[in-house]
Structure formats: C-alpha cells, structure tokens
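Q: Each chain, letter by letter, is given below.
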Amino acid sequence: MQSISTPILEADGIGKSFGDNQVLSDVTFSVAKGQFVCIVGPSGTGKTTLLRALSGLGPANSGEVRVNGRVVVQPPAELAVVFQDYSRSLMPWMKVGKNVELPLRRLGLSREERRKRVEQALRDVDLGHAEELYPWQMSGGMQQRAAIARSLAYRPEILIMDEPFASVDAQTRADLEDLMLDIRDRLGVSIVLVTHDIEEAVYLGDKVIVLSGRPASVAASVEIPLGTGRDQIETKSRPAYLELRAEIHRMIMRKSDTVAPQRAPR
Amino acid sequence: MNRLSQLGVIVLVLGAWQVAAATGQLGAVPTPLVVAGAVLGLVLDGSGWGPLAETLASWFISLLLAVVIGVIIGFPLGVSRVTYRMSVVTLDFLRTIPALVFVPLVVLLYGAGLQSTILLAFFGAVWAMVMQTIYGARDLDPVARDTFRSFGVRRWDTVTRLLLPTALPYMATGVRLAAAICLLISISAQIVIPAGGFGEQIVVHQLSGALPEMFAYIVLCGVLGMAIDSTFRWFERSVLAWHPSHRKVSS
Ligand SMILES: Nc1ncnc2c1ncn2[C@@H]1O[C@H](COP(=O)(O)OP(=O)(O)OP(=O)(O)O)[C@@H](O)[C@H]1O
Ligand SMILES: [Mg+2]
Numbered sequence: 001m002q003s004i005s006t007p008i009l010e011a012d013g014i015g016k017s018f019g020d021n022q023v024l025s026d027v028t029f030s031v032a033k034g035q036f037v038c039i040v041g042p043s044g045t046g047k048t049t050l051l052r053a054l055s056g057l058g059p060a061n062s063g064e065v066r067v068n069g070r071v072v073v074q075p076p077a078e079l080a081v082v083f084q085d086y087s088r089s090l091m092p093w094m095k096v097g098k099n100v101e102l103p104l105r106r107l108g109l110s111r112e113e114r115r116k117r118v119e120q121a122l123r124d125v126d127l128g129h130a131e132e133l134y135p136w137q138m139s140g141g142m143q144q145r146a147a148i149a150r151s152l153a154y155r156p157e158i159l160i161m162d163e164p165f166a167s168v169d170a171q172t173r174a175d176l177e178d179l180m181l182d183i184r185d186r187l188g189v190s191i192v193l194v195t196h197d198i199e200e201a202v203y204l205g206d207k208v209i210v211l212s213g214r215p216a217s218v219a220a221s222v223e224i225p226l227g228t229g230r231d232q233i234e235t236k237s238r239p240a241y242l243e244l245r246a247e248i249h250r251m252i253m254r255k256s257d258t259v260a261p262q263r264a265p266r
Numbered sequence: 267m268n269r270l271s272q273l274g275v276i277v278l279v280l281g282a283w284q285v286a287a288a289t290g291q292l293g294a295v296p297t298p299l300v301v302a303g304a305v306l307g308l309v310l311d312g313s314g315w316g317p318l319a320e321t322l323a324s325w326f327i328s329l330l331l332a333v334v335i336g337v338i339i340g341f342p343l344g345v346s347r348v349t350y351r352m353s354v355v356t357l358d359f360l361r362t363i364p365a366l367v368f369v370p371l372v373v374l375l376y377g378a379g380l381q382s383t384i385l386l387a388f389f390g391a392v393w394a395m396v397m398q399t400i401y402g403a404r405d406l407d408p409v410a411r412d413t414f415r416s417f418g419v420r421r422w423d424t425v426t427r428l429l430l431p432t433a434l435p436y437m438a439t440g441v442r443l444a445a446a447i448c449l450l451i452s453i454s455a456q457i458v459i460p461a462g463g464f465g466e467q468i469v470v471h472q473l474s475g476a477l478p479e480m481f482a483y484i485v486l487c488g489v490l491g492m493a494i495d496s497t498f499r500w501f502e503r504s505v506l507a508w509h510p511s512h513r514k515v516s517s
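One line per chain: the protein sequences are P and R, in this order. Read in order, the letters of the first sequence are residues 1 to 266 in our numbering. Read in order, the letters of the second sequence are residues 267 to 517 in our numbering.
Hints were generated in silico from the structure; no laboratory data involved. Careful, some of the hints might be misleading.
One-sided and incomplete, this derived list gives chain R residues near chain P with beta-carbon spacing under 10 Å [unchecked claim]:
#, residue
1, Asp407
2, Pro408
3, Val419
4, Leu428
The following residues of chain R were derived to be distant from chain P, with all beta-carbon distances above 12 Å [as the list claims (entries may be wrong)]:
#, residue
5, Leu318
6, Val369
7, Leu473
For each residue, glycine too, the CB sits at the ideal point set by N, CA and C.
My request is simple: use the sequences and hints to build the entire structure.
A: Below is the structure:
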C-alpha cells in the first residue's frame with residue numbers, strides 16, 4: 001500500500017457548467033504519489049469533464065485543481081492524458097513511432113534516448129512491430145494501445161486515462177491492466193483512470209471514486225485495501241475483492257435510483 | 267476500358283471537327299490536321315518557345331506570389347475566430363472582383379509587360395489561396411489540439427506537426443486552384459493588353475490572318491493547362507498519402 005503523504009493531485013470543490021447545464025458540483029478528492037485512483041460513474045455524468053478540469057484543458061468554473069501544490073491553470077508538465085477519443089488524438093500524418101515520440105521532443109533528450117523510449121513503450125503495449133504503420137492502418141484496439149504507449153514514453157508523474165481499455169479484447173485488456181499496475185509499481189506514477197467497469201476499478205484502484213448525481217459530485221470514495229501484487233485470477237477471487245465490488249455496485253444502484261430518475265444505459 | 271473510352275471521345279470530336287471544317291461548315295476555322303501541322307511547325311522552328319517561356323514566367327511568378335502571400339494572410343485569419351469574423355466581408359468583396367478590371371490601371375502603372383500580367387494573375391489567384399488556407403486552419407480537430415496542449419508541445423512543433431498538416435490538404439487544393447487561375451489570367455491578360463506570351467501570339471496571328479497558327483497557340487494553351495493541372499494533382503496525391511481521400515490502405 002502507498003503511504004498517504006502529501007497529495008500530488010488535489011481536486012478541491014470543482015464545479016463546472018456548460019451554459020445552464022451544471023455538470024459538476026463540488027467534486028473533491030486527492031491522489032497521493034503512486035496512488036491508483038479509479039473514477040466510475042454512468043455515461044454522461046461528467047467524468048471526461050472532470051478529467052479535463054484536472055488536466056488543465058477545460059478549467060473549472062469554481063474550485064481549484066492543484067498539482068504538487070501548484071494551482072493548475074494550464075496543462076502541467078508532470079501530467080499526461082490518454083484521451084477517450086483515442087483515434088482523434090493520434091495524428092494521421094505521423095507514423096505510430098512519430099506519434100509516440102511527439103511529447104518527448106521538448107524534454108531535451110538525445111535522439112537515441114528518444115528512440116529507446118519509443119521502442120520500449122511500444123513493446124510494453126505489444127506494438128513493437130507497428131512503429132512504421134500509420135494510425136489509420138491499425139485497428140481501434142491497436143490505436144488505443146498506441147495512445148497509451150505515447151503517454152508511457154513521456155514518463156509523467158501523473159497519468160490521466162479516460163476509459164483507456166474501452167475497445168480492446170478481454171485478454172488484451174487484462175494485459176494492459178497489469179501493465180498499468182506494473183508501471184505504477186516500477187515508476188511510482190500516480191494514475192487517475194476513468195472506467196465504466198466496476199470490476200476493473202476495484203481490481204486496479206487503491207481508491208475508487210464513485211461519481212454520480214446531476215450535477216455530479218463524489219457519491220463515495222472507497223479505499224481498496226487489496227495491496228500490491230494483484231493478480232487477475234487470485235485477486236478477483238478474494239472475498240475482500242468480491243465484497244468491495246458488490247458494495248460499489250450497490251452504491252451506484254442506490255444513487256441512480258434516488259438521484260437520477262432515468263437510469264443511464266450502462 | 268476507361269482510358270479507351272476517353273480516347274474514343276477525343277477521336278470522335280476531332281473527326282467531327284475535321285469533317286465539318288473540311289466541308290466548309292465552320293467558316294474560316296481550319297481543320298484539325300492543318301492546326302496540328304501548325305503546332306508542329308511552332309515547335310520545330312522554335313518560334314513557339316519564346317512565348318511559352320513568357321507565359322510560364324508570368325504563370326509561375328504570379329503563382330508563387332499568390333501561394334506565399336495567400337498563406338501569410340490566410341493562416342493568421344484562420345486560426346482565430348475573431349480575425350476571421352472581422353475579415354470575412356472584406357475578403358468576400360475582394361475576391362469577387364474580376365482581376366481583368368485592373369488592366370487599365372496596371373498598364374498605366376507598369377506598362378505592357380510581364381510585371382502587369384503577373385500582378386493581374388496574382389490578384390486573381392491569391393484569394394483562392396487565402397480562403398483555402400483559412401478553411402485549413404479552421405479545420406483543426408479539438409482532440410488533436412488538446413493532445414498537443416496536454417503534452418505542452420513546443421510552439422514550433424505545434425505549427426509544423428499540427429497546424430500545417432491540418433491545413434495542408436486545403437492548401438494543396440488552394441495551390442491547384444491558384445495554378446489554374448494564374449494560367450487563365452496570365453493568358454487572358456496577354457491577349458487583352460497585349461503583353462507577350464501565348465496570349466499576344468493569338469492576337470498577332472489573328473490580326474495577320476494566320477488562323478492555323480492562331481489555333482495552334484490556342485491548342486497549346488489547352489495542353490499547358492492540362493499539364494499543369496495533372497502535375498498538381500499528382501503532387502497532391504504524393505504529399506497527402508495519409509489523407510482519407512488519398513489513402514491506399516485503411517482499416
Ligand atoms: N463542450 C461541452 N459543451 C457543452 N456540454 C458539454 C460539453 N462537454 C460535455 N458536456 C456535457 O457534460 C455532460 C457530461 O459529459 P462528459 O463527457 O463529461 O460525460 P462522461 O461521464 O465522460 O460520459 P461518457 O462515460 O459517456 O464518456 C454531458 O451532459 C454533456 O452533454
Ligand atoms: Mg467521457
């Protein structure tokens with residue numbers, strides 16, 4: 001388990017509206033260094049909106065986001081984002097290798113160092129063979145992995161991921177989940193990951209934040225004391241895991257029954 | 267099959283022309299065989315090369331100016347919604363003015379030479395480039411922009427790896443349009459002023475009653491136009507291999 005030291009990322013009373021449509025209200029939570037935080041919530045609750053506020057791409061109307069104690073006004077250098085719309089976040093005019101190298105160019109690395117990082121990151125997501133392909137020559141799942149590789153190559157302190165495994169098959173998904181855990185363990189990255197999948201959230205997270213309501217706020221923040229060294233089969237059959245999964249399920253059901261009359265499709 | 271049918275149509279048209287002209291249906295218009303002979307003559311005795319050089323010079327310099335200045339004007343207007351809104355009416359007004367209305371003015375200022383045809387062709391073509399560059403700059407994908415912003419990609423890299431590639435397909439269309447317009451106006455201006463090149467040759471031969479040579483120059487204008495157009499189409503294809511409209515493999 002990670003020690004709860006000073007948070008690396010803090011969301012403090014985030015509120016956000018688009019015109020009359022208030023999407024977020026008083027969202028507050030924090031992420032410790034090396035902590036894996038999963039955010040769950042029905043479609044359209046405002047998860048992407050929240051991530052945009054966290055990453056400085058779509059500033060909140062109220063409250064503030066702090067990274068390493070500094071108030072975020074524009075995207076901080078220590079942070080990388082894997083976008084939900086992964087296909088549009090890869091540039092069709094650049095080969096996959098160049099796409100992955102893109103964020104490295106300002107880090108003052110030597111050419112070889114950049115090459116090494118690109119190769120390593122692509123190998124990590126099992127795309128070692130795809131460096132010379134254009135994104136549009138790859139399947140959706142491959143594109144998604146390329147987008148993940150790009151953020152891994154950047155080696156951020158904080159990794160923000162918006163449903164990063166939505167379009168890969170179950171086996172790849174399990175592999176990528178374990179890769180993220182491994183990266184966190186090895187490099188001490190803090191990860192904030194949005195998912196629809198409660199199983200995934202509990203399996204990956206040190207903390208699961210349930211977002212719900214309209215406007216959305218933090219309905220529950222559940223610590224997941226499953227420790228490190230998680231295993232797809234062993235961890236998922238532990239009573240503690242099943243218990244937590246059921247608890248979060250219940251919370252979301254209860255919340256969406258009382259707060260949102262029309263239940264979200266997923 | 268496609269090639270063959272295209273060729274068939276050409277042969278048919280030429281055949282009809284030949285028959286009509288040979289039987290005197292077209293008045294003073296010479297037969298295509300006579301015109302072909304005149305073209306060959308111009309090429310072989312070398313008298314066609316000088317005018318070709320003049321027309322090409324006017325075309326090329328005006329195109330270069332139109333492209334460079336079109337991009338310089340269009341890009342800043344396109345990236346910002348405010349400047350675009352401010353300038354849209356002015357642009358719409360300017361680009362609807364036919365370039366040839368300035369013939370009297372440029373002749374007065376610069377005489378009957380290359381300079382005048384260049385200016386006219388430039389004025390006619392620059393708007394196509396400006397508008398296409400604006401469209402290109404405005405087509406920026408918000409997710410792509412956020413991606414660059416979130417990684418804090420440097421300004422120069424953002425220009426060369428995001429803004430330019432985004433605008434490039436539009437700019438390529440702009441260049442192709444501008445190339446056609448520049449040729450059109452260069453030749454028209456050479457006729458109207460007259461100011462050298464193929465245009466002046468057409469007038470000169472018309473006045474001296476050398477109709478086969480006049481038609482030969484008209485045919486050469488057409489050939490030049492087609493050559494320029496297909497060159498730029500080929501260029502577009504090779505530069506924009508990644509673009510959805512040119513992709514060979516897609517999934
Ligand atoms: N740029 C925008 N302008 C106006 N409204 C927006 C904008 N972005 C999001 N919204 C609104 O905010 C709400 C939340 O959207 P958001 O994309 O954050 O949901 P989400 O939780 O990420 O959903 P999903 O799980 O489907 O990705 C929606 O009602 C949406 O209509
Ligand atoms: Mg979303």
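Q: Does each hint fit the structure? Answer for all of them.
A: Evaluation of the provided hints:
Here the hint on Asp407 of chain R is kept, as its CB sits about 5 Å from the closest CB of chain P, short of 10 Å. At its closest, the beta carbon of Pro408 of chain R sits 8 Å from a beta carbon of chain P; the interface hint therefore holds under the 10 Å criterion. Look at Val419 of chain R: its Cβ gets to within about 6 Å of chain P, closer than 10 Å, so that hint holds up. Against a cut-off of 10 Å between C-beta atoms, the interface hint on Leu428 of chain R holds, since the closest Cβ of chain P lies about 7 Å away.
Non-interface status of Leu318 of chain R relative to chain P is upheld: no Cβ of that chain comes within 12 Å, the nearest being about 37 Å off. No beta-carbon of chain P is positioned within 12 Å of the beta-carbon of Val369 of chain R; the least distance is around 42 Å. Distance to chain P confirms Leu473 of chain R as a non-interface residue, since its nearest Cβ pair spans about 53 Å, more than 12 Å.
Hint compliance for this structure: every hint is met.
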